[in-house]
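Participant: Take a look at the letters that make up each chain.
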Amino acid sequence: MDKINQGMRWQKMVAGSLCGLVLLILPSVIFKSQYFLYLSSLACIYMIVSCGLNITMGYAGQISLAQAGFLGIGAYTGALLGSTLGFWVTLPLGGLIAFVIGLGLGFPSLRVKTHFLAMVTIGFTVIVYLVLMNEQQWTGGPYGIFNIKKPSIGPFAFTSPAAYHIVVAVVTFILLFFAFWALNSPWGRAFKAIRENEGRAEMLGVSIRNYKLMAFAIGAGYAGVAGGLIGPLFGYIDPTMFALGFSFLFLLMVVVGGLGRFEGALLGAIIVAILPETLRFAEQYYPIIFALAAVLIMIFMPKGSVSFVDWVYKKLTGKEELQLTK
Amino acid sequence: MVRKIWLVSFLAIVACTFLLSSPVSAQQDKVTLAIVAEQSGGGAVVGERWTRGVQMAGDEINASGGILGKKVEFFIIDTKTEAPVAVAAVRKAIASNPFAVMGPVYSGSSIACMGLLAEAGIPQFVASESPNIATKNDPKNPNTFLSSLNVDLSVQKVANWITDVLKTKKMAILWVNNEFGRSGKDALKKVLTPKGVEIVIDLAAELGQSSFTGELARVKSSGADTLFVYMNEEESGKVLPQIREMGIDKQMKIIGETTILTEDTLRLAKDAANGVQGHVGLSPAAAPLKPVTDKYFAKYKEYPDHNFYKGYISMYVLKAAVEDNKSFDQQKFRDRMKNRVFCRKDYPGILMDVYYDGKGDIDRQTFLIKIENQKQTMSGILQPMNPGNFAGCK
Amino acid sequence: MIEQLLIKGLSLGAIYAMIAIGFCLLWQSSRLVNFAEGEFVTIPAFLMVFFYSVLKLPFAPAIIAAIIVSAFLLGFVMKKTLVDALIARGNTPFVVTTIALGFLVRDSLTVFATPEALHFPSMIPQTPLQFGGAMFSSLDLWNIFVAAVVIVCLHLFIRKTKQGKALQAVAQNREAAGIMGIDVQKMILMAFVINAVLVAFSASLAAPIYMVKYDMGNELGLKAFYAAIIGGFNQVKGALLGGLLVGLIEIFTAAYISTQYKSGFVLIVLIAVILFKPEGILGTKEQL
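Residue numbers (our numbering), protein chains in the order written: chain A, 181 to 506; chain B, 282 to 675; chain C, 1083 to 1370.
Hints are not guaranteed to be accurate.
As the list claims (entries may be wrong) - Which chain A residues face chain B? A few, computed with CB under 8 Å, are given here:
#1 Q317
#2 G320
#3 G324
#4 F326
#5 F357
#6 W361
#7 Y416
Claimed, not checked - Quick list of the computed label-pair ranges, beta carbon to beta carbon:
#8 K613/B x I354/A: 41 to 49 Å
#9 L261/A x D340/B: 49 to 57 Å
#10 L455/A x D605/B: 43 to 51 Å
#11 E583/B x P482/A: 17 to 25 Å
#12 E583/B x Y465/A: 23 to 31 Å
#13 R375/A x F1239/C: 23 to 31 Å
#14 Q316/A x P1203/C: 53 to 61 Å
Simulated from the structure, these hints should not be mistaken for laboratory data.
For glycine and all other residues, C-beta sits at the position ideal for the given N, C-alpha and C.
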């Protein structure tokens, strides 16, 4: 019985992930306008950040405002080393550097209270920003870095927006798949145990601190990789793209989507990247609407806007919540 | 599971249809221009002035028959004063295929998106004064055009005034830590040091900084005879009262470039701005600009800043170049904008003779301004860098 | 030069301290951290401009009206809506909500009021003063004086009145205070109202220096937060010390260490405090 279930699960997983991959790449095929392609790539990059931050925040309950800083670390790693090492090396390298810094930052500060961690991470983002701004001889300072090349494999260069979106989509897919797999592994289930009852989880032998540290560092690493994708997308980076305000935005992105739900974080990323387009009639008011929605969601819909999707799904199928992670 | 897939696909299709239901298509009897500028965020004020300038000129042009018989039509896209949003905004603008893009104002945003426009072959006028724009243009085929002198050129012009008229020996610089302040500080150091002016101290201020005590204490004890303030309007407006409070204005001359002399700075600094001197490209105090200044004042009940004039004049430069070509061909437009002088006597709308070099940079007369009784007053005119280029305008 | 920096640092620190004390009172009574505290300063500042420049009220009534309205909005309304809805779910949802609230305030002000910085006169005439080598203005002494009066009054209120003692009891142990018959909800409401009055006072002091602008609260809120943590989150005197320290560090760093990294230096102090003495310099350990 167990074996059959296992087989079914594998089939489902393969079908589901193929479906996801196709959806992520789809924009390269259907969109001709480079603006829509740009939006799609941006949505993918936000999904990576949001997915990582969701592990930190939604699963491990840590408020992190360091995401913009890690994004900056990834982006500058790619921009400064990309010409010598190549995109395919710097992309994971940026993630790795962010991951290691995340471990270093998280290790001492996870023992303090949640809002203190928020403060340490704010400090981190501000310091990264100051270094990027002031160490002009290395980072270009406020002038930023120009002409960041899009990647290539052998003779084929992903220079067109459509081709580059494929790169972004595939990287996004790999990272999301890994997160999905990890959250469904025994390791991920320990997270849920912690989230539900910290004291009991500890009694069952889960080392809470190590798990939280891991969650924080994974969130950092994801932001680092996302940063590496930003440089080639814009062809240009400067420190203002990694200022503290973006950390707050990423945090709200996860919250509006659905804290602690895998698909919620993705929904949040899509809302932030694409919804301003559909609300074009209210462009000026969009930030207000978004912030207001975030406040109301926190009060009335603590599970985020993904619970609205659940509701639709339930109406359509009569089944329970559409929940990808069990 | 199958149902799940259906549901996800359904949602994706909904999202796509939302996205595809888009852009504006150009009409035959109209020429479309995109204003990509700061409508919100930290640059909202200057972005709005630039937009007003472009639109005021556009309305005037339409009232007098348009460009080559075509009415000018604008659509505005907000950059939210963020470089990435500016890049997105320009991509959005390109989708509607405008003849040219007007803006943005901020240097970071301008530089971030100029490459995209060069690729798309759509000319761009920016309000930025960054010296980096001309160097980022394709040297053979510049696509992005400034609307006032870049910082390097301004500083070269003002250097003689600093050494000969002010007789500065030791200078302190207070600069705001962004693209604008840093390029100004770098240019000042580069130009003034060989002329025998010692830069005794240069101090960075943060964007939006409020208390300058620490910095000013250092300026005060630096032994400088001149303080050059290279900051945006808001920081300038905050620092001037503190300069006066610490008695620094009695110890040294306070000078600056453009931003410290604008109405926005005066509004915040009040009488603490009195006595400040400096150099501006375009200002309400400049006599040749008076007709437009009055028109602006009548409409908005305030004095414009330099960004308004930049937008206004750029529209008329665009009109002049297109009408010379007798066509809306964008490549011909770029060619026409190379090494070209536009004279006020031929094109009254441009207000002052202006020369475009082969790289997108600009040259023209500029003004020395002094603040008296919280008003800008013109105290002198600086001739263009290369007066020879303007020979045809006599 | 030193006395110059000292006076200016204290004058700035006085403003931070008042906001930081607000933070502490909220934390003590409700165990909540308000990430929109900076915007709580912006709102009364805009109210003052509204009453003074738009409604053309005389100066003093304009300020008093702003304080009353802000006590109602940021104290009473805030408690009855957001706090009551979220307090049962702990601190984290409240932190996130107030971050969103901060965005909401800033974006609304830029769209519905103005994105420009506005000049606002100070409460007393700005006359230059000289003391030794220090040149400063009457405003600096006024800042220190107002902050001192407000803080002394608050201290007397907490130590001497029945209400204040009840607040102290809640701060020490909410459950026990509840059992003893203290109306905990009322105490939380009181803390929010006091906080609203404190930020309104600090807004009146900050407006002439910071100018009234939609994002003026960003820096003020962060600095006050640093101050509260450095001094000690659960002690009013800690927040006072923290506020003054942050003001002094800011100015001395710019004068002696680095202007480019001045906002980084106070953060290094902050991170050191969090790592080595998380309860703050004057704070006491608390069980949570």
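Participant: Quick check: which numbered hints come out false for this structure?
Facilitator: 1, 2, 5, 6, 11, 13 and 14
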